[in-house]
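Q: These are the residues of each chain, in order.
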Amino acid sequence: ELKVEQNPLFLSMQEGKNYTIYCNYSTTSDRLYWYRQDPGKSLESLFVLLSNGAVKQEGRLMASLDTKARLSTLHITAAVHDLSATYFCAGPPGGGNKLVFGAGTILRVKS
Amino acid sequence: NAGVTQTPKFRILKIGQSMTLQCAQDMNHNYMYWYRQDPGMGLKLIYYSVGAGITDKGEVPNGYNVSRSTTEDFPLRLELAAPSQTSVYFCASNPGGTNYGYTFGSGTRLTVV
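Protein chains in written order, with this note's numbering: chain A, 5 to 115; chain B, 352 to 464.
So here's chain A without its partners, still in its complex pose:
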């Protein structure tokens, strides 16, 4: 059974700083997904990582996947207040289309 663990679960950071959110998963998976959720809102798909070494970037966010280490990272560069949200990673147990989600990382960017 696939387990997905994120850390940290809560992150408070200053504007302009860099930080990384880690997503570890327990069984072999060749892909990993990242989502963003604003408070009281729905989830929005951020990145789809489909192979070992995959790297995707959008704005100040960059996601990568290391399938051998069973690790994905979401790196935040020069954080701004608008990035404040909860970030989830998710992976497919045993392939297929259904996803197992991590608990989420609550990110607060302070000005």
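Hints in this document: simulated from the structure, not taken from any laboratory. Misleading hints may appear alongside valid ones.
[What the hints assert, rightly or not] With a cut-off of at most 25 Å between alpha-carbon atoms, the simulated PhoX-like pairs for lysine-lysine come out as follows:
no. : chain 1 : residue 1 : chain 2 : residue 2
1   : B       : LYS408    : A       : LYS102
2   : A       : LYS7      : B       : LYS395
3   : A       : LYS102    : B       : LYS395
4   : A       : LYS102    : A       : LYS45
5   : B       : LYS395    : A       : LYS45
6   : A       : LYS45     : B       : LYS360
7   : B       : LYS408    : B       : LYS395
8   : B       : LYS365    : B       : LYS395
9   : A       : LYS102    : B       : LYS360
10  : B       : LYS408    : A       : LYS7
Since the structure of chain A is already known, use the hints to place chain B on it.
A: Quick look at chain B alone, frame taken from chain A:
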């Protein structure tokens, strides 16, 4: 395109009552999912469907039922509501294949008292 539409947005149920959460998508997606979100717990899969007429259980199906008579609609039925079913419920869809993330609906916040 409206995407994934969920109704109602909020509902308060009494213990033992039943209700149906509606979910409709207009993107012709084959795959649809119901998740529940509890604080600090991420999302847990309740049921999913790979096409009209085909449904299967997820991680936490007890107390729920689904049907998929059309590609567009995937309602979730709660029978005999219990306080443990107090949660935010999200419906999602995707076209299938690995290249796509999910498109989520706006959610239904359900309180059972």
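Q: All hints, please: hold or fail.
A: Structure-based check of all given hints:
1. B:LYS408 x A:LYS102: Judged against 25 Å, a Cα distance of about 11 Å means the pair holds.
2. A:LYS7 x B:LYS395: Holds. A:LYS7 to B:LYS395 sits at ~12 Å (cutoff 25 Å).
3. A:LYS102 x B:LYS395: holds, 11 Å
4. A:LYS102 x A:LYS45: Holds - the C-alpha atoms of A:LYS45 and A:LYS102 are around 21 Å apart, at most 25 Å.
5. B:LYS395 x A:LYS45: holds, 17 Å
6. A:LYS45 x B:LYS360: Within the cut-off at roughly 11 Å; holds.
7. B:LYS408 x B:LYS395: holds, 11 Å
8. B:LYS365 x B:LYS395: Given pair B:LYS365, B:LYS395 holds - Cα atoms ~23 Å apart, limit 25 Å.
9. A:LYS102 x B:LYS360: holds, 24 Å
10. B:LYS408 x A:LYS7: holds, 18 Å
In summary, the structure agrees with every hint in the numbered list given earlier.
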